[in-house]
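For this one, chain P is given, so just place chains L and D on it according to the hints.
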Amino acid sequence: MIALEASGIAKSFVLHLQRGVRLGVLRDAGLTLRAGECVALTGPSGAGKSTLLRALYGNYRADAGSIRVRHRGAMVELAGAPAAHVIEIRRETIGHVSQFLRAMPRVPARDIVAAPLLERGMDEAAARARAEAMLDALGIPKALHTLPPVTFSGGEQQRVNLARGFAGDWPILLLDEPTASLDAANRDRVIALMRAARSRGAALLGIFHDPLVRDAIADAELRLEPLKEQA
Amino acid sequence: MTLMAAERVTRRFGAVAALEDVSLAIGRREIVAIVGESGSGKSTLLNVMSGRLAPDAGRVMYDSGAGLAPIAAGGEAALLDLQRRRWGFVAQEPRLALRMNVSAGGNIGERLMVAGARNYGAIRAAAARWLETVEIDPARIDELPRGFSGGMLQRLQIAATLVTEPELVFMDEPTGGLDVSVQARILDLVRGLVRRLGVAVLLVTHDIGVARLLADRIVVMRQGRIVETGLADQVLDDPQHEYTQLLVASVLPA
Amino acid sequence: MQLYNFAYLDEHTKRMIRRAILKAVAIPGHQIPFASREMPLPYGWGTGGIQVTAAILGPDDVLKVIDQGADDTTNAVSIRRFFARTSSIRTTTRTPEASVIQTRHRIPETALRAGQIIVYQVPIPEPLYRLTPSRADAARMHALADYGAMHVRLYEDIARHGRVALAYDYPVMVNGRYLMSPSPIPAYDNPKLHMNPALQLFGAGREKRLYALPPYTEVRPLDFEDHPFDPHRADAACALCGAADTYLDELIADDTGRRRFICSDTDSCDSRREETGA
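Protein chains in written order, with the working numbering: chain P, 1 to 231; chain L, 1001 to 1254; chain D, 2001 to 2278.
I should point out that these hints are in silico values taken from the structure, not numbers from a laboratory.
Heads up, some of the hints might be wrong.
[Stated by the list, open to error] Quick list of simulated restraints, FRET-style, between CB atoms: (1) Asp-2226(D) with His-85(P): 44 to 50 Å; (2) Ala-1125(L) with Gly-155(P): 43 to 49 Å; (3) Tyr-2129(D) with Glu-124(P): 35 to 41 Å; (4) Ala-1125(L) with Ala-125(P): 20 to 26 Å; (5) Asp-1063(L) with Ala-126(P): 28 to 34 Å; (6) Ala-2143(D) with Leu-15(P): 56 to 62 Å; (7) Glu-1132(L) with Arg-2258(D): 51 to 57 Å; (8) Glu-124(P) with Ala-1066(L): 30 to 36 Å; (9) Gly-1058(L) with Leu-15(P): 32 to 38 Å.
[As the list claims (entries may be wrong)] Covered stretches of chain L, going by a simulated chain P footprint (3 or more residues, C-beta under 8 Å): (10) 1185 to 1192; (11) 1213 to 1221; (12) 1232 to 1245.
Think of the CB as a built atom: it goes at the ideal place given N, C-alpha and C, for glycine as much as any other residue.
Isolated chain P, as found in the complex:
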């Protein structure tokens, strides 16, 4: 079953503050992602791996192309969709896991992880319990659960963000270097979470620099190359 289907994706950045220079990053990119599979995005630095992930999430606006995702049982177009629709698709269908936590002042780690669950309508007690379990699974000490992560170490913040990313059981997960800079034990925890996601039928698309992680989780590869600059 197809979970996500993208074709003809183009993306360039016009830098108005640098005399309007245009940076082409993606041209005619596309892929098909099935439920239960994991595709690794590969290619050299600057090939547009992160840009593609962000375009698929709607974080970057694709200049051209189609992004269709299975949402509420039907394939729907994400590219150019109204904001409210994109928000709904993100709430229920597509999760995005990056290595950087956008910590909110005063909000405890547990509530950051529970937030997407609450937005989906889960009751507060259940969402909190689920959040606690995810933080446990990522080795965050209990004492930190009720503290705002602003003061946590970089690694701890990253794991809080991973807990948030995996808590929601999204059918599609976009993973941007989820294991970067984690130690071996935590890396293995994340691999276990990704495997669990696959086995419940989630479709995964990720950037994994660590070949060990890639081999452990991905069963296909999509290689991107930097665009040749056009005159």
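Relative to the frame of chain P, chains L and D by itself:
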């Protein structure tokens, strides 16, 4: 589903066009931030949409349950009813919005009484509950707000606005003029309450950080026009318009 | 020789005031502006009430004037004499005999009947005055029946004192529509406003406003469900007539500071004493 819409509104102050042919729709439960510098027309748009200022051209529509209808159609009484019962307004300066010679409880209770509440005990209980919600000691219910700090006053204003659980709240620089640590506390409070109550918010701010933290969608204004609009993270992470890029580039990294 | 027109005011002025009264009767509780005239006594001495009385008096009327319930205080005596001299009508101190009663600060204890008219002297006709000094704001609030803020005042009283701390001029809702000042009558008198068979007219000379309660108009004091209107009355009986159900004035009775309570309504007190032979 559209809750409110400005349709091609224009507003001039003398020769200056504060708003020029601006259209903006807000969905139910949607949080929309209008960002821009001073004089961009963002506050004028907020005032026009909240019925505090009549547009020279165009109209503002609101859905009170029977479909979108012009807010000015029912006359002043109908507009006041919208403002009192369905909307809320959080101003930057709480001292001007609150009654400083009325107790904290009376300030929170006012909107309930305006809406017809006539049970003293119930009004008082609601006021105490809301003080607790905005993290003010309920034991201070009978105190005049004069002795409150700036952050407390703003939290009191938020309680006094949300007590009737409006469908839509207008916020004009709600954390302007407050210390950064105090700001964070209020933003966190607003975020939580807005989600819990399911209210739509139209927020005016010049602070990109506030917009990112609270908004689903961002509208960028400049010289009386909307230059860009989109998902909050999209506008901030992939700004298209030259002015938006400048605005985003001008923010100090957190 | 007749030095003045009947009841002092000229007929054009009377007609102007009557037109305002008709409007006021048509919109119970709503303040109607009128061209208040210079009167031969200062503002604050009942110029509004006197003009209303002058406009409605006819040769067959019998006039009673009270001040704080009493027929024999300077103000009451002066106004009664003023009309006696300028109109040669009959005057009385007996409530049941009067066809027109002009009053300052009280409603007689004896129930009024259909056909009687009571005219109140009003210093401040605007009940929203305490909330806003702006006439434009107040007019807007009346137009929109936007009276919630008035309840904030009552809320504050209950929060601070445990009850509404308004002993007189207690605001009322008229006919479920207009907020009205009953003039500075004691809150104890407020229930008498409600469904009164007499026509009630209110005149404010300095503020140039008059308003009215037609007979049998619903008049409700502002209150809360769980703090219902509960006017204060001294817990005593009248030292002269023994009445335990009238509004009482407190007097220092002798040099030792002993206090006594007597009826504020002198006519009702006298009548009772005659009946009982006290």
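How the hints compare with the structure:
| no. | hint | result |
| --- | --- | --- |
| 1 | Asp-2226(D) with His-85(P): 44 to 50 Å | holds (48 Å) |
| 2 | Ala-1125(L) with Gly-155(P): 43 to 49 Å | holds (47 Å) |
| 3 | Tyr-2129(D) with Glu-124(P): 35 to 41 Å | violated (49 Å) |
| 4 | Ala-1125(L) with Ala-125(P): 20 to 26 Å | holds (25 Å) |
| 5 | Asp-1063(L) with Ala-126(P): 28 to 34 Å | holds (33 Å) |
| 6 | Ala-2143(D) with Leu-15(P): 56 to 62 Å | holds (57 Å) |
| 7 | Glu-1132(L) with Arg-2258(D): 51 to 57 Å | holds (52 Å) |
| 8 | Glu-124(P) with Ala-1066(L): 30 to 36 Å | holds (34 Å) |
| 9 | Gly-1058(L) with Leu-15(P): 32 to 38 Å | holds (35 Å) |
| 10 | 1185 to 1192 | holds (count 4) |
| 11 | 1213 to 1221 | holds (count 3) |
| 12 | 1232 to 1245 | holds (count 8) |
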